[in-house]
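4 protein chains.
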Amino acid sequence: MTDTDLHEACGVFGCVATGAWPTQLDVAHTIYLGLVGLQHRGQESAGIVTSLGAEDSKFKTKKGMGLVTHIYAEEDIAKLKGNIGIGHTRYSTQGESEIQNIQPFVVETEHGLIAVAHNGELVNAKSLKKKLLRHGVGLSTGSDSELITQLLTHLPECGEPQGLVNWVGRIKRIMAETLTSYSLVIMHHDKIYALRDPFGNRPLCIGKLYPAAAFSGKKVISDDDVDGWVVSSESCNFNSMGARYYREVLPGEVIELSKEGVKSVYIAPRPNKAPPAFCIFEYVYFARTDSTFEGQMVYTVRQRCGRQLAEEAPVNVDIVSTVPESATPAALAYAEKLGIPYGEVFCKNRYIGRTFIQPNMRQRKLGVAKKFGVLTENFRGKRVVLIDDSIVRGVTMVPIVKLLRAEGAAEIHIRIASPPIKYPCYMGINIPTFQELVANVVPLEDMPSHFGADSLQYLSVDGLKKAVREGIKNPNGSVGHCVACLTGEYPVKCDDW
Amino acid sequence: MTDTDLHEACGVFGCVATGAWPTQLDVAHTIYLGLVGLQHRGQESAGIVTSLGAEDSKFKTKKGMGLVTHIYAEEDIAKLKGNIGIGHTRYSTQGESEIQNIQPFVVETEHGLIAVAHNGELVNAKSLKKKLLRHGVGLSTGSDSELITQLLTHLPECGEPQGLVNWVGRIKRIMAETLTSYSLVIMHHDKIYALRDPFGNRPLCIGKLYPAAAFSGKKVISDDDVDGWVVSSESCNFNSMGARYYREVLPGEVIELSKEGVKSVYIAPRPNKAPPAFCIFEYVYFARTDSTFEGQMVYTVRQRCGRQLAEEAPVNVDIVSTVPESATPAALAYAEKLGIPYGEVFCKNRYIGRTFIQPNMRQRKLGVAKKFGVLTENFRGKRVVLIDDSIVRGVTMVPIVKLLRAEGAAEIHIRIASPPIKYPCYMGINIPTFQELVANVVPLEDMPSHFGADSLQYLSVDGLKKAVREGIKNPNGSVGHCVACLTGEYPVKCDDW
Amino acid sequence: MTDTDLHEACGVFGCVATGAWPTQLDVAHTIYLGLVGLQHRGQESAGIVTSLGAEDSKFKTKKGMGLVTHIYAEEDIAKLKGNIGIGHTRYSTQGESEIQNIQPFVVETEHGLIAVAHNGELVNAKSLKKKLLRHGVGLSTGSDSELITQLLTHLPECGEPQGLVNWVGRIKRIMAETLTSYSLVIMHHDKIYALRDPFGNRPLCIGKLYPAAAFSGKKVISDDDVDGWVVSSESCNFNSMGARYYREVLPGEVIELSKEGVKSVYIAPRPNKAPPAFCIFEYVYFARTDSTFEGQMVYTVRQRCGRQLAEEAPVNVDIVSTVPESATPAALAYAEKLGIPYGEVFCKNRYIGRTFIQPNMRQRKLGVAKKFGVLTENFRGKRVVLIDDSIVRGVTMVPIVKLLRAEGAAEIHIRIASPPIKYPCYMGINIPTFQELVANVVPLEDMPSHFGADSLQYLSVDGLKKAVREGIKNPNGSVGHCVACLTGEYPVKCDDW
Amino acid sequence: MTDTDLHEACGVFGCVATGAWPTQLDVAHTIYLGLVGLQHRGQESAGIVTSLGAEDSKFKTKKGMGLVTHIYAEEDIAKLKGNIGIGHTRYSTQGESEIQNIQPFVVETEHGLIAVAHNGELVNAKSLKKKLLRHGVGLSTGSDSELITQLLTHLPECGEPQGLVNWVGRIKRIMAETLTSYSLVIMHHDKIYALRDPFGNRPLCIGKLYPAAAFSGKKVISDDDVDGWVVSSESCNFNSMGARYYREVLPGEVIELSKEGVKSVYIAPRPNKAPPAFCIFEYVYFARTDSTFEGQMVYTVRQRCGRQLAEEAPVNVDIVSTVPESATPAALAYAEKLGIPYGEVFCKNRYIGRTFIQPNMRQRKLGVAKKFGVLTENFRGKRVVLIDDSIVRGVTMVPIVKLLRAEGAAEIHIRIASPPIKYPCYMGINIPTFQELVANVVPLEDMPSHFGADSLQYLSVDGLKKAVREGIKNPNGSVGHCVACLTGEYPVKCDDW
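Same order as they appear, the protein sequences are chains G, L, B and H. Just so you know, we're using UniProt numbering here: the first sequence kicks off at 1 and counts up by one. Just so you know, we're using UniProt numbering here: the second sequence kicks off at 1 and counts up by one. Just so you know, we're using UniProt numbering here: the third sequence kicks off at 1 and counts up by one. Just so you know, we're using UniProt numbering here: the fourth sequence kicks off at 1 and counts up by one.
Everything labelled a hint here was simulated from the structure, so no lab data went into it. Some hints here could point you the wrong way.
Said to hold, decoys possible - Computed, partial: chain G to chain H, Cβ under 8 Å:
hint, residue
1, Thr69
2, Ile77
3, Lys81
4, Tyr91
5, Met297
6, Thr300
7, Ile357
8, Leu375
Beta carbons: idealized from backbone N, C-alpha and C, even for Gly.
Looking at chain G on its own, in the form it has when it is part of the complex:
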């Protein structure tokens, strides 16, 4: 993607130390590392909540705006010492007044404190909210996380014995009322509940923390070696903390983490035996390439997309290149498949942040692409195909093509390793409006001239599905992906919108 047009909403993380408490494991530091590794899922704010896990333990909280490494200093992590904890990293389109929205969301309930971290977006948030308001609850943040938390606490007729709370029971009821999309991490007392919605729209997986000795090479890692357990939106952070991938949380599954370990306590059914609807864009763009979903590494899937693209839309050129840097795996595979040399044509300026000053009139006339330097000698006089993973608004592609042409590219072809994005997402992805999506305003046949390219082709929806699915090993039950933004077919009726 040549510009930051799509935004993942969030990353969630949880950690429990196993064995005797107080633990030697630095739970707060583990969560910190977890959030650093989920930073690509949200860079605007983050929060960590830990606890000693005793019934009357207070929660220790530290939240802030900005990157995880900016929010937390060594002494913050020291103050967050605990046996159990959860964290969250978040992208937001709202301003500073939204400090109160930073997750995890912590509330005091009749049964003690709970903390909730949420990734996703409830498709029936409006009607749930209306229901809750009708019960007299006032909502102070407008976030789905508060909604979920109040739903969890506010179940007056829930049939629990006096003074006892049955969180799993409550979670089940919420899962019945709202089918997607959410991956949730909920901390109460000495337990973390981790769950994915019945459609499995957002990812969530489990990692096992091994003792440091297990990594020293002096000892073979055994299944009994365990310091603790983590749950995370993605597995890419596991290596940084000494964890290993254990397995995914299944669509609809509720996992309980405690000092005794990991326990699957429930799997919510989908209506009418519908297939799961895991967001296919996690493969295409959002996830870090070293994360694993459905038994396969994201990088590998992107390579397959590139290979599939080579089959569907080959082109006779001198060099295969990419717009740095999310499309590199696809481009390398495309080149290899067609036997064309891979070569870089752009050099990215790593120091350009969001605050880059707007182009003046001269800049606009020049149409230059400020974020990219061009490696002229690599492509002058050559026919180039640019591989990109996706196109959303396509704003940056125009000056990029212009720049290559001005610097002497003989031909410029564009190949996109995913289908055209045409529909809004109601399940947690921030997509521009209908009119901003270039696929809705420029007919396919006009795209080459729109971008100034010699040709342009997308991967087909079927091709994308094939590329994604052919590597799924040992599928847990049925397989299915949400391609709503490509086809308009949503997993559930989004009647609120």
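Got chain G sorted already, so can you dock chains L, B and H onto it with the hints?
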């Protein structure tokens, strides 16, 4: 008071423009000026919420940590443009993580948004909270304001017709459940409800905004001239915004402000015909001297305290002085009453903030009072009486007396224009613990030697009451003041503590 | 003064520990306390430079924008540990780019590092600068301090033996070249040179640091008890650090401070036996009232100004009051002299900083004085005289008088305890332009109506001189004061301007 | 390079609008874009100085700490409007107190203001400084830039006619006194002087700003189309501002830029016909790959290094990879040359900044590489060769190899596309101390085991020279490169060290 030992919790403010909307009156700027003038009641954070006042109007909010003049820039006030709004300024003993506690508290309810600003402390907060949690509400801030707001919204069985909300009815019910202490400003739609608890423990008064022309001298102000109405914890800010004191909100009274003007809608009864319990320390220390309570200016009451002190505890000295600067009115009156010259002995350093570096060993040994310079020529060789309004921990008084003596004062006497503080306050004032109150650990007869003074005397409780009450004009119903911190007699049973 | 119209440029401070080094005295903390006590002389930036005082000692420096208590945290003071050091606090009209101008100014010279702190303004700066530039020196800050420092180091033909530096010799030469105005504190190696210009235009005095034990009351302070020596623009900070006033640095005198103590090394002559020209506004407005100049406390001088004003300009009123708070000593003395009660009519809002939002149209029409509340009951129906120490632009006085009148004052008279300010200052005081000075644009007879007052009178120049001089004890040589801003008679020709 | 062990000191930039002044060209914005594109040469502070270019024009300056995009907002650029200007971006090892060191360095001289921006380090700075100090100049910053500026201004015996300054004459004299290393941009009045030291140790090149129309495609660019001229440490920023590469400033050459255009005014000779000594590490690591030196693109040189490495040190593996991301061009070329597939094994976390919390004990034991995720599926069971551009301390390489091995790499070989770094640089590069350089403490034969690799080989010095030189087109005079950090042979005697 020689050190900042007592803290008022909050100031509340509300403003409604009258006549046709959109108004020409700058409601946001008026609230800003209101908060600037209430800054002495809380300096750690502040918030303003405004609205156009239409049924579906969104609230505009800007909150921040620090002084009002630091939080709001010109463009913030411009963005807050509205026809109606409330504000809050707050003192807090908690840290940065408490950003979420900044008031006004805004929540979405079934009946639209409401905003609540609160001054005080609910004596039965614990039991109210327990009740609310039992109904399944999760509380996210731990503040009384959230508690009040959730109580207001969460009244499922309140007998209102379907879809209609009766805020006054709800307010009545809450006033019946919690008798003190609170002054509240509640904004919903196009109305502000302003109320004091039945005991009138915290102050609240009404001001009338006149058109600018009314102040030009060219025109006599008539009762029909009105731009809007304000409610404020104190009246000291009225002049700054072109408002004039209208009247106090009575103990237990609920006032409705709208574009139609001001309306008294309810007066809550007190149990067993108990007298009101307006906090007497508002007169002694908290309020700004130009505020008016019960028909009398605070400055005048402090003068009467000084005069009463002169009667109860005269002393034969050469000069009457004060510890800058809250005790000056009492000291001037004490001097005048006894016919002794008034003279300043201290010069305050205005630039010492909270961040002053802790004294090192040498400093501690020196015992010097960093905040005060001494005006040696004014007292060398003279007998001095220092008037203070109150003593809490008495920590600063020790080095002050030492300093005066080192610089040549012949005798140093201390007179306190209020009685000894001995008991905790459960109604909104932050008082040090029992053991920190010097009156609890140093017997009266040992106080002179404790402070290094030649003599020390307090004003009596009866003397204070007399000084306060003899200027109350046209009392609205019965008169009564809370002196719990002096006598231990609380207006209501504080069974939670 | 009713608004902050005049600005002192700077405060300078130096400290040397006596006896064996490394010293136990916390030199950095002493300087910190010194600067806190000089904060009223400049609030925009501050700097501290310390050294172990060995020949090859590096300087430790910490400078910053803002108040001293904001710039320095405990760890900063710890890092500045040294045996000798100087500090500076500064007011500046320039913006953030002027960070480089924060003093003390530190330079590396052939003879090692020197640090220079300067209070004042060189009247012949332009010609000195031209001369220096002609020698090929490039000046990077535009400040007089850099100019002085480069003059000190850049004396190629100075006749010193090879490799040896004679700082006193260099200082003498500079004092011959520029007669005023400067008080300087210069640190090199193990010595501080402290000097006043020959006219003594800016103040500077010496304090002696006693051991803490000397203050414990258990021991009589003897002359042999000494921990170190300080020099300071004013003596008001001495108490805070355990120092006592020793004596003034005389006009033209150069003092050397070292671990051996204090030594007077030179007194520069004035041309034609001219009298000194100590800035009379240090007494009138700039200095803190507990500082001592020429053997008398500033507060006492201001009282004499009030008494003299009562003689020159009495008025028949019911109450004498003041615009808080610099005029209080004059007002108290004026009241006492005329036998009229003193009473406060204003209550200052302590929380209004520089960032107060500009008044909107309504505010301007209202003409209200935002910084002041009015103590209506104290003056309603009464005849009031307002005493002020000086009037510069007079901008705030207009709404103040209007406010008092609107609140019911029967008559309002103004008396100023100093003469009209009419001329620019070239010696370090920031005075508004000619046209901004109200005394230059409003004829004396029109002033009452300009301010809306019933009458207005100033103190005479002779009256001010008399009030200042009659308390000077044991004058060191001849006495003289600069009254250039009142009469236009400058101590030296300011040909640069 | 696997960690940020080497630091380039600075980037310099200058811009002059040609034709009639005031210019339409946004000079300040052009400099801003120039600095953004030089950000990789220094990320700690930056400064821009512009001028209208008239004889009495004041300089407009804005400097700050941090990245260029953080320092400058739109309004800053607007305020810097000018016809001519220079900029600087800087890396520093010193702390916040060094704000005064931010370049460009601006000084007032007898001949008006000059501004100086410097990249490099004077090898004889110490003796130059001593000489200058002996002339009585005080130096306030300790930087080479101030030294150069004072040398420029302080030439008393320079034989210029009275009142006239001959900057080129002065520059010539300085170039005779200090041979390396510096690339300088000096602004005075309406001219910029841009020069490289006689050895050409630091880069500097010239770009020509074309009118926007020239890029619109509607018009062929002609040599007469020109909006202005720029000089820059590297050419990589030219595209962003609508400039095209014109030519390099030659070693020892002095260029004058004015509204009339570009003029070569002097070429300083090297002693004894020595060859130039352009820093070879600009090719190896520092420069952005799209910059051009000596007629060749940096990327191309790095590819040749990879090819040369393949010749010198081939290895039989399944996959060629790289440590992201500076070594990618070398790795791609290495792979292609040997006919082995190129594949990525690491995924870099882009959000890890400098403030990353130090590893705790567990982390240290784990030895995990926090900045890298591993693309396990790409290398499990395979033999891998990792290409890196250079190794300095080698600290990160250890856990990286450990990580690959733990994740299943069958063999891990290391190939470095440059020779071992063994000697300090006195010419502007921040190299760790002798003992920190792994090549000095680990014998070559022990390196594989030190890093846990199966083999390790470096490129030879001759191989590097060959790779660099074989693409130099049309060499301007003799060709030569500084390889002092590899061989210890310095271009000039560095007797100060």
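Hint check results:
1. Thr69: Holds, about 5 Å.
2. Ile77: The hint holds - G:Ile77 has a Cβ within 8 Å of chain H, the shortest such distance being about 6 Å.
3. Lys81: violated (12 Å)
4. Tyr91: violated (12 Å)
5. Met297: holds (4 Å)
6. Thr300: At 5 Å from the nearest chain H Cβ, G:Thr300 passes the 8 Å test, so the hint holds.
7. Ile357: Because about 5 Å separates G:Ile357 from the closest Cβ in chain H, which is inside the 8 Å limit, the hint holds.
8. Leu375: holds (5 Å)
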